Amino acid sequence: DAGVIQSPRHEVTEMGQEVTLRCKPISGHDYLFWYRQTMMRGLELLIYFNNNVPIDDSGMPEDRFSAKMPNASFSTLKIQPSEPRDSAVYFCASSLTSGSGNEQFFGPGTRLTVL
Amino acid sequence: RKEVEQDPGPFNVPEGATVAFNCTYSNSASQSFFWYRQDCRKEPKLLMSVYSSGNEDGRFTAQLNRASQYISLLIRDSKLSDSATYLCVVILQGGKLIFGQGTELSVKP
Numbered sequence: 050d051a052g053v054i055q056s057p058r059h060e061v062t063e064m065g066q067e068v069t070l071r072c073k074p075i076s077g078h079d080y081l082f083w084y085r086q087t088m089m090r091g092l093e094l095l096i097y098f099n100n101n102v103p104i105d106d107s108g109m110p111e112d113r114f115s116a117k118m119p120n121a122s123f124s125t126l127k128i129q130p131s132e133p134r135d136s137a138v139y140f141c142a143s144s145l146t147s148g149s150g151n152e153q154f155f156g157p158g159t160r161l162t163v164l
Numbered sequence: 004r005k006e007v008e009q010d011p012g013p014f015n016v017p018e019g020a021t022v023a024f025n026c027t028y029s030n031s032a033s034q035s036f037f038w039y040r041q042d043c044r045k046e047p048k049l050l051m052s053v054y055s056s057g058n059e060d061g062r063f064t065a066q067l068n069r070a071s072q073y074i075s076l077l078i079r080d081s082k083l084s085d086s087a088t089y090l091c092v093v094i095l096q097g098g099k100l101i102f103g104q105g106t107e108l109s110v111k112p
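Protein chains in written order, with our numbering: chain W, 50 to 164; chain L, 4 to 112.
What the hints contain is simulated information worked out from the structure, not anything from laboratory work. It is possible that part of the hints are untrue.
Said to hold, decoys possible - Here's a subset of chain W near chain L, in silico, CB distances under 8 Å, partners left out:
hint: 1; residue: P57
hint: 2; residue: E60
hint: 3; residue: G91
hint: 4; residue: L94
hint: 5; residue: F140
hint: 6; residue: F155
hint: 7; residue: P157
To be verified - Below, in silico cross-link-like pairs of lysine to aspartate or glutamate (EDC-like), each with a Cα-Cα straight-line distance of 16 Å or less:
hint: 8; chain 1: L; residue 1: K45; chain 2: L; residue 2: D85
hint: 9; chain 1: L; residue 1: K111; chain 2: L; residue 2: D80
hint: 10; chain 1: L; residue 1: K111; chain 2: L; residue 2: E18
hint: 11; chain 1: L; residue 1: K99; chain 2: W; residue 2: E152
hint: 12; chain 1: L; residue 1: K5; chain 2: W; residue 2: E93
hint: 13; chain 1: L; residue 1: K82; chain 2: L; residue 2: E18
hint: 14; chain 1: W; residue 1: K127; chain 2: W; residue 2: D112
hint: 15; chain 1: W; residue 1: K127; chain 2: W; residue 2: D106
hint: 16; chain 1: L; residue 1: K99; chain 2: L; residue 2: D80
hint: 17; chain 1: L; residue 1: K48; chain 2: L; residue 2: E107
hint: 18; chain 1: L; residue 1: K99; chain 2: W; residue 2: E93
hint: 19; chain 1: W; residue 1: K127; chain 2: W; residue 2: D79
hint: 20; chain 1: L; residue 1: K99; chain 2: W; residue 2: D106
hint: 21; chain 1: L; residue 1: K99; chain 2: W; residue 2: D105
hint: 22; chain 1: W; residue 1: K127; chain 2: W; residue 2: E67
hint: 23; chain 1: L; residue 1: K48; chain 2: W; residue 2: E152
hint: 24; chain 1: L; residue 1: K99; chain 2: W; residue 2: D79
hint: 25; chain 1: L; residue 1: K99; chain 2: L; residue 2: E6
hint: 26; chain 1: W; residue 1: K127; chain 2: W; residue 2: E63
hint: 27; chain 1: L; residue 1: K48; chain 2: L; residue 2: E6
hint: 28; chain 1: L; residue 1: K82; chain 2: L; residue 2: E107
Stated by the list, open to error - Selected chain W positions facing chain L (Cβ under 10 Å, derived; list incomplete):
hint: 29; residue: H78
hint: 30; residue: F82
hint: 31; residue: Q86
hint: 32; residue: R90
hint: 33; residue: N101
hint: 34; residue: I104
hint: 35; residue: D105
hint: 36; residue: S107
hint: 37; residue: M109
hint: 38; residue: N151
hint: 39; residue: G156
Small disclaimer: the values here were computed from a predicted structure and weren't measured. Note that beta-carbon positions come from the ideal geometry of N, C-alpha and C, so glycine has one too.
Work out the full structure: start from the sequences and follow the hints.
Shown next as structure tokens:
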């Protein structure tokens, strides 16, 4: 398996533009997670899905952020409009199940810079 | 208070040294605990789970003290390749993962 795939790997955009990040989880994994990592705040869970259904989106910073999972092999995280404070590395991760003893496999991340 | 707290370091140690990282968590209902490793500009990867009885994997030993809400990771005979950031991870009821800020380790020749 190729592991979790994310695209793009790098994104530079201007404030106010829409940004869409994409993720393909490992085949057969039921759970998909979106994280954001910054120097100041570390790694933060934004939202996670189970069987394509959003379970907990309490980490989504504000209405400018939205995430979808239309099928088991694809998810998007959208920021509209983007702001400079959204600059971070966004990771997608997947796992077979959630909770105790279940390893999360992370994608390589998307490094987002909003100018 | 942060839900999971770690000493950010950096820890600068010579090859062969023993180094210990500590982590405290605030939610007494936390269910599971892990250590992840993150290399510079890479994604986090699972290093090891942490069990109540303590567990060892080669040069790495993890300990959990539920009463004190404290987790530790001990690395013996450190190698240059151990240089990375070590993330303490706590799983809350309901399955939500909380990551600590990470402790940076730099092993020097």
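Quick rundown of the hints versus the structure:
1. The interface hint given for P57 of chain W is violated, since its Cβ lies 15 Å from the closest Cβ of chain L, which is over the 8 Å cut-off.
2. Hint status for E60 of chain W: violated, given a least beta-carbon distance of 15 Å to chain L, over 8 Å.
3. Of the supplied interface hints, the one on G91 of chain W holds, with its beta-carbon coming within about 4 Å of a beta-carbon of chain L, less than 8 Å.
4. For L94 of chain W, the shortest C-beta to C-beta distance to chain L is roughly 6 Å, which falls under 8 Å, so the interface hint holds.
5. Look at F140 of chain W: its Cβ gets to within about 6 Å of chain L, closer than 8 Å, so that hint holds up.
6. Satisfaction of the interface hint for F155 of chain W is found here, the shortest Cβ-Cβ separation to chain L being roughly 4 Å, below the 8 Å cut-off.
7. The restraint placing P157 of chain W at the interface with chain L holds, with a minimum CB-CB distance near 6 Å, inside the 8 Å limit.
8. A distance of roughly 14 Å separates the Cα atoms of K45 of chain L and D85 of chain L; the hinted pair therefore holds under the 16 Å criterion.
9. Between K111 of chain L and D80 of chain L the CA atoms are separated by roughly 12 Å; this keeps the pair inside 16 Å, and the hint holds.
10. This hinted pair checks out: K111 of chain L and E18 of chain L have alpha carbons roughly 6 Å apart, not beyond 16 Å.
11. For the hint pairing K99 of chain L with E152 of chain W, the CA-to-CA distance comes to about 13 Å; that is within 16 Å, so the pair holds.
12. At most 16 Å may separate the alpha-carbon atoms for a hinted pair to count; K5 of chain L and E93 of chain W meet this at roughly 12 Å.
13. Distance check on the hinted pair: K82 of chain L and E18 of chain L sit about 5 Å apart at the alpha-carbon level, within 16 Å; holds.
14. With a C-alpha separation of about 10 Å, the suggested pair K127 of chain W and D112 of chain W falls inside the 16 Å cut-off, and the hint holds.
15. Restraint check: the Cα-Cα separation between K127 of chain W and D106 of chain W comes to about 14 Å, which is no more than 16 Å; the hinted pair holds.
16. Restraint check: the Cα-Cα separation between K99 of chain L and D80 of chain L comes to about 34 Å, which exceeds 16 Å; the hinted pair is violated.
17. For the suggested pair K48 of chain L and E107 of chain L, the alpha carbons sit about 15 Å apart, so the restraint of at most 16 Å is met.
18. A hinted pair counts as satisfied when its Cα atoms are at most 16 Å apart, and K99 of chain L with E93 of chain W qualifies at roughly 11 Å.
19. Our distance criterion of 16 Å between C-alpha atoms is broken by K127 of chain W and D79 of chain W, whose separation comes to about 21 Å.
20. Of the supplied pair hints, the one linking K99 of chain L and D106 of chain W holds, its CA atoms being roughly 11 Å apart against a limit of 16 Å.
21. Under the criterion of a C-alpha separation no larger than 16 Å, the hint pairing K99 of chain L with D105 of chain W is consistent with the structure, at around 8 Å.
22. Distance hint between K127 of chain W and E67 of chain W is fulfilled; the C-alpha atoms sit about 7 Å from each other, no more than 16 Å.
23. Under the criterion of a C-alpha separation no larger than 16 Å, the hint pairing K48 of chain L with E152 of chain W is consistent with the structure, at around 9 Å.
24. Simply put, K99 of chain L and D79 of chain W have alpha-carbon atoms about 15 Å apart, close enough for the 16 Å limit, and the pair holds.
25. Between K99 of chain L and E6 of chain L, the direct Cα distance comes to roughly 12 Å. Compliance with the 16 Å bound is thereby established for this hinted pair.
26. Proposed proximity of K127 of chain W and E63 of chain W is supported: the alpha carbons are some 15 Å apart, at most 16 Å.
27. For a cut-off of 16 Å, the pair hint linking K48 of chain L to E6 of chain L is broken: about 21 Å separates their Cα positions.
28. Simply put, K82 of chain L and E107 of chain L have alpha-carbon atoms about 14 Å apart, close enough for the 16 Å limit, and the pair holds.
29. Hint on H78 of chain W is violated. Least Cβ distance to chain L is approximately 14 Å, over the 10 Å limit.
30. The interface hint given for F82 of chain W is met, as the beta carbon of that residue sits about 7 Å from the closest beta carbon of chain L, less than 10 Å.
31. Evaluation of the Q86 of chain W hint against chain L yields a held restraint, the C-beta minimum of about 9 Å falling below 10 Å.
32. Interface restraint check: R90 of chain W against chain L, minimum CB-CB distance 8 Å, threshold 10 Å, status holds.
33. Among the interface hints, the one on N101 of chain W is violated; its C-beta lies about 16 Å from the nearest C-beta in chain L, farther than the 10 Å criterion.
34. This hint holds: I104 of chain W has a C-beta 8 Å from the nearest C-beta of chain L, less than the 10 Å allowed.
35. With its C-beta approaching chain L no nearer than about 6 Å, D105 of chain W sits inside the 10 Å limit, and its interface hint holds.
36. Checking S107 of chain W against chain L: minimum C-beta separation of about 8 Å stays under 10 Å; hint holds.
37. Hint status for M109 of chain W: violated, given a least beta-carbon distance of 13 Å to chain L, over 10 Å.
38. At its closest, the beta carbon of N151 of chain W sits 8 Å from a beta carbon of chain L; the interface hint therefore holds under the 10 Å criterion.
39. The closest approach between the C-beta of G156 of chain W and any C-beta of chain L is roughly 6 Å, which is under the 10 Å cut-off, so the hint is satisfied.
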